[in-house]
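**Student:** Each chain, written out:
2 protein chains.
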Amino acid sequence: MAHINENYLKLPGNYLFATIAKKVADFSQKNPNANIIRLGIGDVTRPLAPAVIEAMHKAVDEMGKAETFRGYGPEQGYEFLINKIIEWDYETRGIHLDTDEVFIGDGAKTDVACIQEIFDKNMTFAVADPVYPVYLDSNVMAGHTGEFIDLKGVYKDVVYLPCTEENGFKAEPPKDRIESMELKNCCFPVPANKKKEHVDLVYLCNPSNPTGTAMSKEELAAWISYAKETNAILLYDSAYESYITEPNIPHSIYEVEGAKDVAIEFRSYSKSAGFTGTRCSYVVVPKTVLAYTAKNNAISLNQFWNRRQCTCFNGTPYIIQRAAEAVYSEKGRNQCKADVDYYMENAHIIRDGLQAAGYTVYGATNSPYAWVKTPANMKSWDFFDLLLEKAHVVTTPGSGFGPHGEGFLRLTAFGTRENTIEAVHRIADLKLIK
Amino acid sequence: MAHINENYLKLPGNYLFATIAKKVADFSQKNPNANIIRLGIGDVTRPLAPAVIEAMHKAVDEMGKAETFRGYGPEQGYEFLINKIIEWDYETRGIHLDTDEVFIGDGAKTDVACIQEIFDKNMTFAVADPVYPVYLDSNVMAGHTGEFIDLKGVYKDVVYLPCTEENGFKAEPPKDRIESMELKNCCFPVPANKKKEHVDLVYLCNPSNPTGTAMSKEELAAWISYAKETNAILLYDSAYESYITEPNIPHSIYEVEGAKDVAIEFRSYSKSAGFTGTRCSYVVVPKTVLAYTAKNNAISLNQFWNRRQCTCFNGTPYIIQRAAEAVYSEKGRNQCKADVDYYMENAHIIRDGLQAAGYTVYGATNSPYAWVKTPANMKSWDFFDLLLEKAHVVTTPGSGFGPHGEGFLRLTAFGTRENTIEAVHRIADLKLIK
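Protein chains in written order, with full-length UniProt numbering: chain Z, 1 to 434; chain H, 1 to 434.
Everything labelled a hint here was simulated from the structure, so no lab data went into it. All values derive from a computational prediction rather than experimental measurement. Errors might be hidden in some of the hints.
DSBU-like cross-link-like pairs, simulated, lysine-lysine; straight-line CA separation at most 30 Å [what the hints assert, rightly or not]:
#1 Lys10/Z - Lys152/H
#2 Lys10/H - Lys260/Z
#3 Lys58/Z - Lys228/H
#4 Lys65/H - Lys22/Z
#5 Lys65/Z - Lys121/H
#6 Lys121/H - Lys10/Z
#7 Lys337/H - Lys10/Z
Here are some of the chain Z residues that sit facing chain H, going by a computed Cβ distance under 10 Å [as the list claims (entries may be wrong)]:
#8 Phe27
#9 Leu151
#10 Lys152
For each label pair, taking beta carbons as the anchor points, the in silico distance ranges come out as [said to hold, decoys possible]:
#11 Val24/H - Glu79/Z: 16 to 22 Å
#12 Ser28/Z - Lys337/H: 52 to 58 Å
#13 Asp26/Z - Thr245/H: 49 to 55 Å
#14 Asp352/H - Asp98/Z: 35 to 41 Å
Backbone N, C-alpha and C define an ideal beta-carbon position, used for all residues, glycine too.
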């Protein structure tokens with residue numbers, strides 16, 4: 001008899017974005033003439049850069065001729081793309097990588113969801129709270145957590161790292177292993193029979209989704225020290241690095257000393273080049289990042305991720321890899337940067353406009369996300385409903401990203417300029433802040 | 001301390017196709033003038049159909065304009081493609097599917113490797129022997145098997161279904177659950193403390209990779225009965241269905257009564273439309289396929305696969321889904337069929353030519369693969385070496401697909417006509433069979 005993986009049943013039934021979609025659809029049906037502006041889902045709206053379009057047309061033509069047709073490519077990706085990544089994303093920042101340390105994927109979601117497969121089932125992991133849900137959900141489904149505690153909105157046996165106004169929304173490493181886990185960084189006491197002295201894996205998203213805040217090199221250095229002391233691994237998602245505008249915020253964790261011993265880095269073209277529907281990403285697994293067998297033999301995670309990819313993935317489409325390669329051409333770089341600048345201008349319009357209207361706004365400086373405090377301690381969902389009904393603006397409730405997101409909304413800068421300006425005006429005009 | 005997933009260490013270090021590649025590279029270096037013909041890896045060589053190329057150019061242009069740009073698509077795939085699949089691959093054969101029963105993927109390798117995630121860790125699965133390695137390896141890595149037994153070339157706690165000349169290379173359901181598992185379909189006795197009355201999951205590849213043979217509707221009906229009796233699930237890989245030429249071989253398992261209650265079907269455009277480097281596939285999970293909780297509550301696997309895809313995958317690229325859609329246009333169907341016919345003509349050239357030279361050849365009638373018996377009981381690898389050295393032809397040793405592949409070679413029909421004819425001549429000219 002086939003049994004299901006019951007870990008899936010731990011997932012709460014109502015998905016954040018499905019709930020939002022339903023609320024918007026209901027509102028839309030009742031108010032068919034409302035001009036709804038969507039600043040909720042983090043999806044880009046600007047078309048692909050002309051250099052990318054040109055490269056794809058060329059690659060499509062190659063696939064139509066026997067002499068230039070490409071069948072199975074390397075599971076790890078083509079070197080023509082890997083070499084550009086190393087040259088432009090790393091060498092320019094003084095980071096040296098070998099070609100076999102970069103793995104091309106079909107999206108950072110897949111990559112961050114599947115990385116947990118190469119680790120032992122009995123590991124303990126930490127996530128920021130609030131956080132991009134995939135880190136958590138993928139581990140829930142793989143059985144790396146306990147049950148969901150409805151009242152608290154958290155899973156048992158997961159170490160949550162609260163990101164609050166007090167700490168600038170920055171996940172901090174446990175300062176003392178036992179004490180910090182039990183008292184500070186955990187939303188509930190760790191059961192006494194579980195001796196969790198520290199965490200094995202830490203998911204860090206920098207700049208952060210959803211808060212839009214970013215950790216500095218010094219703050220990351222503290223994490224690297226922690227990882228080295230405890231032999232933990234940092235899973236570093238820098239999907240939003242192209243939105244960084246401040247000099248002390250690193251674009252890659254490998255800009256920080258020692259990171260190549262403890263960190264795996266995830267990158268995506270979704271937000272840097274508008275690839276949300278085009279699908280390309282990469283993972284950097286330096287050969288110096290080690291994990292251990294039960295008998296304490298050190299093994300390079302590079303060979304494990306390589307084996308995972310070779311068995312469970314057959315490479316990103318050739319045409320798409322050529323598209324990503326074009327992002328690094330001179331034209332491609334300029335065109336993609338222009339789009340990022342356009343979105344960042346939107347981010348500033350949201351940040352400055354709402355601040356002028358009296359709101360407390362975080363993020364939106366090194367990130368396309370603004371993290372807006374609700375007025376008068378309103379609950380996230382209540383403020384979401386109010387903005388939908390009164391301003392016809394769709395946002396994302398902060399509490400959907402974790403309990404410490406309560407009292408905030410996430411607004412994204414990926415709309416058109418016109419809609420962004422209009423949305424800010426509508427929210428300001430509600431005059432909710434005295 | 002981060003620990004690795006030690007299940008990965010069970011995988012033998014030498015990968016079949018890496019070993020072949022090394023042998024060919026060594027030979028090539030020593031014999032730089034040898035004109036090597038590769039009939040080893042199952043990769044297509046003919047360019048994409050003009051209808052597919054046209055559709056991709058159009059989709060690329062859409063991605064370059066704001067009005068037609070596409071961001072995140074549905075994780076399950078676009079309905080424009082799902083509707084074509086249902087119309088052409090299923091309705092034409094009298095099979096009715098709902099749009100939410102079809103999930104577009106980025107390749108059947110990913111799909112078949114990841115399907116095990118939705119099942120309970122303590123399941124027992126069966127695979128044909130010889131078999132496409134991904135079914136096995138993905139389960140090894142997920143911890144669903146015991147150790148690899150070097151001497152036997154099998155993993156503990158896996159039920160192998162021998163495919164031999166005697167049974168026409170067709171995996172048969174265990175006739176009596178306990179007896180059959182222990183004595184007939186298993187390469188070694190099941191430990192007494194493991195009460196394996198039956199298997200929970202069965203991987204069936206039809207037509208088979210590597211043997212090129214195919215099961216009839218009646219033979220599949222026996223599997224469906226077995227699955228219904230034991231509440232097992234059939235994971236049916238029909239990646240090669242477009243090569244079927246005989247009328248009683250089903251293209252879909254749903255052509256057989258009752259399959260929609262027990263079978264998940266995997267399809268790929270890799271071999272039917274030359275998409276090995278373009279990457280598109282789909283999985284059919286009828287809502288009527290059920291598995292069970294530990295407390296015996298039945299749950300539809302459709303919702304589990306949907307959740308898996310929504311969490312761990314972000315959809316196949318829009319451009320690629322438009323490419324797959326074009327396979328179903330009138331031009332696309334004709335052009336793709338012409339390519340399949342071309343490869344099948346190669347398959348017949350291999351089959352008929354080697355049979356004329358005295359070889360025993362299976363497959364190559366409903367499949368692009370010929371399964372060739374080695375002369376004089378030669379070992380697979382010895383015959384592989386001999387053909388490389390004397391005929392400069394690369395093949396795949398049958399033993400690389402499992403112990404019951406010993407004594408066979410797999411030859412693929414995906415070369416050019418000229419090379420295929422030349423390879424057969426060279427092998428025949430060796431006059432190895434008296």
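**Student:** Taking the hints in turn, state whether each one holds.
**Tutor:** Now for the hints, and whether the structure bears them out:
1. Lys10/Z - Lys152/H: It is violated: about 40 Å lies between the C-alpha atoms, which goes past 30 Å.
2. Lys10/H - Lys260/Z: holds, 27 Å
3. Lys58/Z - Lys228/H: violated, 51 Å
4. Lys65/H - Lys22/Z: holds, 29 Å
5. Lys65/Z - Lys121/H: violated, 46 Å
6. Lys121/H - Lys10/Z: Roughly 16 Å between the alpha carbons, so the hint for Lys121/H and Lys10/Z holds.
7. Lys337/H - Lys10/Z: violated, 46 Å
8. Phe27: Since chain H brings no Cβ nearer than about 21 Å to Phe27/Z, farther than 10 Å, the hint is violated.
9. Leu151: violated, 23 Å
10. Lys152: With Cβ-Cβ at 21 Å, over 10 Å, it is violated.
11. Val24/H - Glu79/Z: 16 to 22 Å: Since the Cβ atoms of Val24/H and Glu79/Z sit about 20 Å apart, the hinted range of 16 to 22 Å holds.
12. Ser28/Z - Lys337/H: 52 to 58 Å: Because 45 Å falls outside the window, the suggested range is violated.
13. Asp26/Z - Thr245/H: 49 to 55 Å: Between Asp26/Z and Thr245/H, where Cβ atoms are some 53 Å apart, the hint holds.
14. Asp352/H - Asp98/Z: 35 to 41 Å: violated, 48 Å
Figure legend: structure checked against the earlier numbered hints; hints not met, in rising order: 1, 3, 5, 7, 8, 9, 10, 12 and 14.
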